[in-house]
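Chemist: The numbering of the sequence shown is the UniProt record's numbering, which starts it at 1 and goes up by one.
Because the hints were derived from the structure by calculation, they are not lab data.
Keep in mind that a hint or two might mislead.
[Stated by the list, open to error] Under the rule of at most 25 Å between Cα atoms (straight-line distance), these lysine-lysine pairs were calculated in the PhoX-like manner:
| id | residue 1 | residue 2 |
| --- | --- | --- |
| 1 | K227 | K185 |
| 2 | K206 | K185 |
| 3 | K565 | K548 |
[Stated by the list, open to error] Simulated DEER-style distance windows between Cβ atoms:
| id | residue 1 | residue 2 | range |
| --- | --- | --- | --- |
| 4 | D511 | K125 | 34 to 42 Å |
| 5 | E253 | Q317 | 22 to 30 Å |
| 6 | P670 | L250 | 38 to 46 Å |
| 7 | G589 | D698 | 22 to 30 Å |
| 8 | R382 | G431 | 37 to 45 Å |
| 9 | A140 | D363 | 37 to 45 Å |
| 10 | G200 | E253 | 21 to 29 Å |
| 11 | V449 | D80 | 14 to 22 Å |
Glycine is no exception: its CB is placed at the ideal position from the N, C-alpha and C atoms.
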Amino acid sequence: MAKVQADRGRWITVEGARTHNLRDISVRVPKHRLTVFTGVSGSGKSSLAFDTIAAEAERLVTGTYPAFVRNRLPQHPPADVDRIDGLVFTTIVDQRRFTGNARSTVGTASDIAPLLRLLFSRLGKPGAGFSPAYSFNDPAGMCPRCEGLGAVDDIDLDRLLDRSRSLRDGAVRFPTFAPGTYRWKRLVHSGLVDPDVPLGRLPAAKVETLLHAEALPLDDPGSEYPKHGLFDGIVPRLRDSYLRKTPSRLTAEEQEGLAGVVTRGVCPECSGTRLSEAARGSLIDGRSIADWSAMPVGELRDVVAAVRDPSVAPLSQAIRERLDALDSVGLGYLSLSRESRTLSGGEAQRVKIVRHLGSALSDVCYVFDEPSTGLHPHDVHRLLELLARLRDAHNTILVVEHHPAVIAAADHVIDLGPAGGDGGGRIQFEGGPGELVTAGTETGRILGVPLRFRERTRVARGAVTISGARSHNLRDVTVDVPLGVLTVVSGVAGSGKSTLITGELPRRHPDFVVVEQAPLRGGIRSTPATVLGIAEPIRETFGKATGKHPSWFSANGRGACPVCKGKGVIITDLAFLDDVQTACDACGGTRFNPDALAARLHGQTIAEVLAMNPADVAALFGERSPIGQRSRWLDRVGLGYLTIGQSLDTLSGGERQRLLLARHLADAGPAHELRLVLDEPTAGLHGSDVDRLLALFDELVDGGATLVLIEHDQRVIAHADHVIDIGPGAGAEGGTVVFEGTPSALAEDSASITGRHLRTRSRRRTAPGTPTRPGTVPGRAR
């Protein structure tokens, strides 16, 4: 018994884990240490760290609450494991984007905004009131015009009206006012104007009434007008129906119509600050809370440090610590007023890290999903300092990662593999990072290979020019982007790379297609099959083979499970919390009803086909068939471990981007016509998967394509033909071209932060920062 208790205090023990592709594995994870889970994409890292350890811990903690509370928390089935022991309270810090609405900002998400409000309520002159008076989310502090949103929607009358037409001929360009509709009849029969006279020839006063009247009694309406005789103008109708509230359902015509006539602009009363006049007029050293919130975090630190009033010393110290933490994870270029929903997955994760740093809790297990995503090598060491601070507060840190520096900083490494999907799910190595380099695993091999520059760079076939770019922090940038080669655009986070390449380049040269990591449309109902365009051909093939209509093989059609409506899960909307999802018991998560599942193609049901990986799909339908050829592109972009029916909601930002790349390549014409911009295409990829993607890029460029990549991965930078380095810093300290040329020349450029890290990495022969002994972190005494 004493030994069991001692083990519980030292280890999280997992025996016989079979979650997803895990192959009955057993492992011990040390507590109060930083453990990194490594392995190729799809090897089972997340299945072990998130879906087994973290999910089981959450399930057990949820079980301690009353039934009323449990029903309003995420539900997890018991982990598919023989035994799991030593679990503690667990918090998942993943890369899901913030789901907050327009009222959620970096300030509110990081819990810095409440501290600022309290500070201004103490020191602001003239005082606006208690801290709610400085909040745009409280009636006491919000701008009354925009209600704290900072923007107002309005109807563009020039777009809405065709003044050359009469009401009867459809002068109002909106689907619900089209000829023959209910609202069209109200206008025509209102008796306010002659419905057969073009609007441009009607008296201005009459048109004004037609547009803006509210609850107006009508003197002589037509016989088809409602008996109450009250008239609401066109603009109030649209505002009440579409702007003041969001309809639960909009038709495609309504969506298109709104996009055509509704404009969103900065609130004229508060100038976008969201705050009341009193809050905007309350100042500390000549600046309002709106001024503070609009500053980059890096600048705001100095402003807060200048506040010397001893009565708020603890408060200003707490604010500075939070701002320092944001800056230390490479987010110093953000402002607290930025909407949180505009952050990338990596940025959102780092904001969550900062929020946890101030916690007084200890003996917590924090599980991180690739926290280095989106970070320049210059910022990774600062991330590691934050993880070390969490660990040193007597917590257990579990990190799923590929970055060499993060692996090197670990106290313990668990490497899974050897491949992805069905070829993975086994423990390949357990121990210190120094031992991993010589362990013979794929991860160890990649870590042990020094960085090598491309020996012969390709010659460009010309160039396109971006001249005088001044968007955001760009400082009158002029740069040539070569054609017919592989170009990498590098620089620290926030330096202006994306502004220049995903913003200015395609705007000025529309033949460039941008493939970003933005969320794909369709949500839980969309899958790789639908994105690739093979879902409909698969349904048609099933239909021909079984004699059933193709809609029987659609989870959005006749084949849908009647209980979950084809979603595979039951979703409970908790409004103020994340939605709760539970697997549908009726269909077992397959999404389909019994009639659909009874039909088979080559012995497989539609659910079984959608559960296949791309290689199996190609084998089933034929390698040369359109379905087989298109599905194979998933393999080629490194997503061969996915199933074609997997919900897009389960994919990371990097996986979504590579899925879009696969679709674009499947649709594309000859390679020499391709001009692609890819935003961090290696995000979430193991080093061996990066090599595979680079081989695909080489094939495309050798065929005549032009590829421009925004990247931090030093392996990708070293592989480029041409590098454009933006910087030197982030935010106001960036926005200039620091370097243009070959990767090897960049490594010798002392003015470039990217170049310095590239030079250091290329001279290493083993994993960077390899600890001197297992279980230690370089520079940290145990």
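Chemist: Each of the hints needs a verdict: does it hold here or not?
Modeler: We went through each hint and held it up to the structure:
A threshold of 25 Å between alpha carbons decides the hint, and for K227 with K185 the separation of about 14 Å falls inside it, so the pair holds. With a CA separation close to 18 Å, the supplied pair K206 and K185 stays within the 25 Å bound. For the given pair, K565 sits about 20 Å from K548 by alpha-carbon distance, which is consistent with the 25 Å threshold. At about 56 Å, the beta-carbon gap between D511 and K125 misses the expected band of 34 to 42 Å.
The given range of 22 to 30 Å is broken by E253 and Q317, whose C-beta atoms sit roughly 56 Å from each other. Roughly 39 Å separates the CB atoms of P670 and L250, a value that falls within the hinted 38 to 46 Å. For the hinted restraint 22 to 30 Å between G589 and D698, the CB-CB distance of approximately 40 Å leaves it violated. About 26 Å separates the C-beta atoms of R382 and G431, a value inconsistent with the hinted range of 37 to 45 Å.
For A140 paired with D363, a C-beta distance near 39 Å keeps the hint of 37 to 45 Å intact. Between G200 and E253, the C-beta spacing of about 26 Å keeps the proposed range 21 to 29 Å intact. Under the hint 14 to 22 Å, the C-beta atoms of V449 and D80, about 36 Å apart, miss the expected range.
In this structure, the hints that do not hold are numbers 4, 5, 7, 8, 11, in rising order.
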